[in-house]
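In order, the protein sequences belong to chains A and B. Take the first sequence: its position 57, counting from 1, is numbered 57 in full-length UniProt numbering, and each next residue is one higher. Take the second sequence: its position 124, counting from 1, is numbered 124 in full-length UniProt numbering, and each next residue is one higher.
Treat the hints as calculated values from the structure; they're not laboratory data.
Which copy is meant is left open, because identical chains are indistinguishable; a pair holds if it fits in one copy or across any two.
In silico DMTMM-like links for lysine to aspartate or glutamate, alpha-carbon gap of 25 Å or less:
1) Lys4 / Glu48
2) Lys97 / Glu185
3) Lys215 / Glu79
4) Lys91 / Asp58
5) Lys97 / Glu186
6) Lys80 / Glu186
Protein chains: 2
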Amino acid sequence: MTEKRRVKFIVSYDGTSYHGFQTQEDPTNLPTIQDELMRAIQVLTGEEVKITCAGRTDAGVHARGQVVDFLTTSRIPDEKFPLAMNSLLPKDIAVVKAETVAEDFHSRFGALGKHYRYSIYNHRIHSPFHHRYSYQVYPPLHVAAMQEAAGYFVGTHDFRGFCATGSPVKDFVRTIWHCTLTVTEENLLLMDVMGDGFLYNMVRIITGTLVDVGKGKIAPESIPQIIASRDRTQAGTTAPPQGLALLEVWYNPLDFPFNLP
Amino acid sequence: MTEKRRVKFIVSYDGTSYHGFQTQEDPTNLPTIQDELMRAIQVLTGEEVKITCAGRTDAGVHARGQVVDFLTTSRIPDEKFPLAMNSLLPKDIAVVKAETVAEDFHSRFGALGKHYRYSIYNHRIHSPFHHRYSYQVYPPLHVAAMQEAAGYFVGTHDFRGFCATGSPVKDFVRTIWHCTLTVTEENLLLMDVMGDGFLYNMVRIITGTLVDVGKGKIAPESIPQIIASRDRTQAGTTAPPQGLALLEVWYNPLDFPFNLP
Numbered sequence: 001m002t003e004k005r006r007v008k009f010i011v012s013y014d015g016t017s018y019h020g021f022q023t024q025e026d027p028t029n030l031p032t033i034q035d036e037l038m039r040a041i042q043v044l045t046g047e048e049v050k051i052t053c054a055g056r057t058d059a060g061v062h063a064r065g066q067v068v069d070f071l072t073t074s075r076i077p078d079e080k081f082p083l084a085m086n087s088l089l090p091k092d093i094a095v096v097k098a099e100t101v102a103e104d105f106h107s108r109f110g111a112l113g114k115h116y117r118y119s120i121y122n123h124r125i126h127s128p129f130h131h132r133y134s135y136q137v138y139p140p141l142h143v144a145a146m147q148e149a150a151g152y153f154v155g156t157h158d159f160r161g162f163c164a165t166g167s168p169v170k171d172f173v174r175t176i177w178h179c180t181l182t183v184t185e186e187n188l189l190l191m192d193v194m195g196d197g198f199l200y201n202m203v204r205i206i207t208g209t210l211v212d213v214g215k216g217k218i219a220p221e222s223i224p225q226i227i228a229s230r231d232r233t234q235a236g237t238t239a240p241p242q243g244l245a246l247l248e249v250w251y252n253p254l255d256f257p258f259n260l261p
Numbered sequence: 001m002t003e004k005r006r007v008k009f010i011v012s013y014d015g016t017s018y019h020g021f022q023t024q025e026d027p028t029n030l031p032t033i034q035d036e037l038m039r040a041i042q043v044l045t046g047e048e049v050k051i052t053c054a055g056r057t058d059a060g061v062h063a064r065g066q067v068v069d070f071l072t073t074s075r076i077p078d079e080k081f082p083l084a085m086n087s088l089l090p091k092d093i094a095v096v097k098a099e100t101v102a103e104d105f106h107s108r109f110g111a112l113g114k115h116y117r118y119s120i121y122n123h124r125i126h127s128p129f130h131h132r133y134s135y136q137v138y139p140p141l142h143v144a145a146m147q148e149a150a151g152y153f154v155g156t157h158d159f160r161g162f163c164a165t166g167s168p169v170k171d172f173v174r175t176i177w178h179c180t181l182t183v184t185e186e187n188l189l190l191m192d193v194m195g196d197g198f199l200y201n202m203v204r205i206i207t208g209t210l211v212d213v214g215k216g217k218i219a220p221e222s223i224p225q226i227i228a229s230r231d232r233t234q235a236g237t238t239a240p241p242q243g244l245a246l247l248e249v250w251y252n253p254l255d256f257p258f259n260l261p
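Isolated chain A, as found in the complex (with noise of 0.2 Å):
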């Protein structure tokens, strides 16, 4: 018998060609991520593998750090992984990195923390460098408000109100480490969070909700009470996706950028 052994890949993708990382049962004419990892996999191992990522991200997503993984027979080095595995995936998709880790190893459930991205290009001109990677809101935003907002979301609490709604989760309680709002040059604000995990479209809701702080719609001191509310009428909109980037995610804590508090 053929010896197994579980590979962890890093993935960077630009998602705006992918109907999303996870394979569709109902297929569009939009291939998924997981499609064209799983075609590249079997091209160069003749193996039909089963992948698992750490985080399913929608249509539209892109990733610099997604981690997937996969049980193979393939003895190809995990150095030479990432070369061969580029030269059959198309040019959005790239697998940075490539290692052999213990077979009980799940990007999934052994993630303990993420780093998400959200870019909000503030200008009434669209960029066409950026548009597919930002969303563009027209009218000058009060960055110093969505600041102080954004700290408010720092924390353990029932993010209930930030979730959308018919998600089967049971447990809605998650701890945000970080939140912060950046502002680069070429009219960009960068959102920066990161926490130990994060309901269904949350990082959308928390964007759509500091650009309404931004547009004065919602007034930052509320933030605590709106969250409270668990209410998702009480939050923002979401945000589109196009915006969204996972950058990161952590399986020691020794990894974490931060101290934990």
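Once you've looked at the hints, dock chain B against the given chain A.
Chain B alone, transformed into the frame defined by chain A:
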């Protein structure tokens, strides 16, 4: 008789999906930037205008500050023109600014200088976010040697050796005011070149030559004799189009970001 005025646009575009700036006599299945601009102007003004541009970028080449001009009888105020155009243009093209200029303004012949940037992505793993906007070079480049070589391009030279063969141009003398290579995060090398004019493919051939320097194939101190040879075969290959972007065009020496020597 309705009075005509000349309107100047500053245009930004991602050239990936276009067959260059200029309308093709023998059209491909890809549109051109000019086609899209003319179509939008026609919808807006009812006029079939003739558009002139500062630099006719090739297929796949980008621009952040392309300049175009045309004559129109339209009374649309300058400040309303960009949003009106942008509502009709695809997302990968944007009119950034509009201005009524002197009737004898000519975006090409009136240009006193241009700033081009060429982006090199120096890593063995391709980047899903940079591949549309950069030239991927695998082996680690010797950046200091490339920076030294870049300096030799500054000055007034006969650049015949840095021009695509078959160009109908008669005068190959151009002045380069500034030529530098900067390393940014994420393995990106940016070559910034500013000059009074550029021959066909000149920036891409300079880049190809610098890459050969970075690979150790050409010594930086041999650049002056390669220029002096006026021999295309002495210079490096033509770097691919997607790394190139036209950043700015100057019509007034007071706008130059440096003092002329």
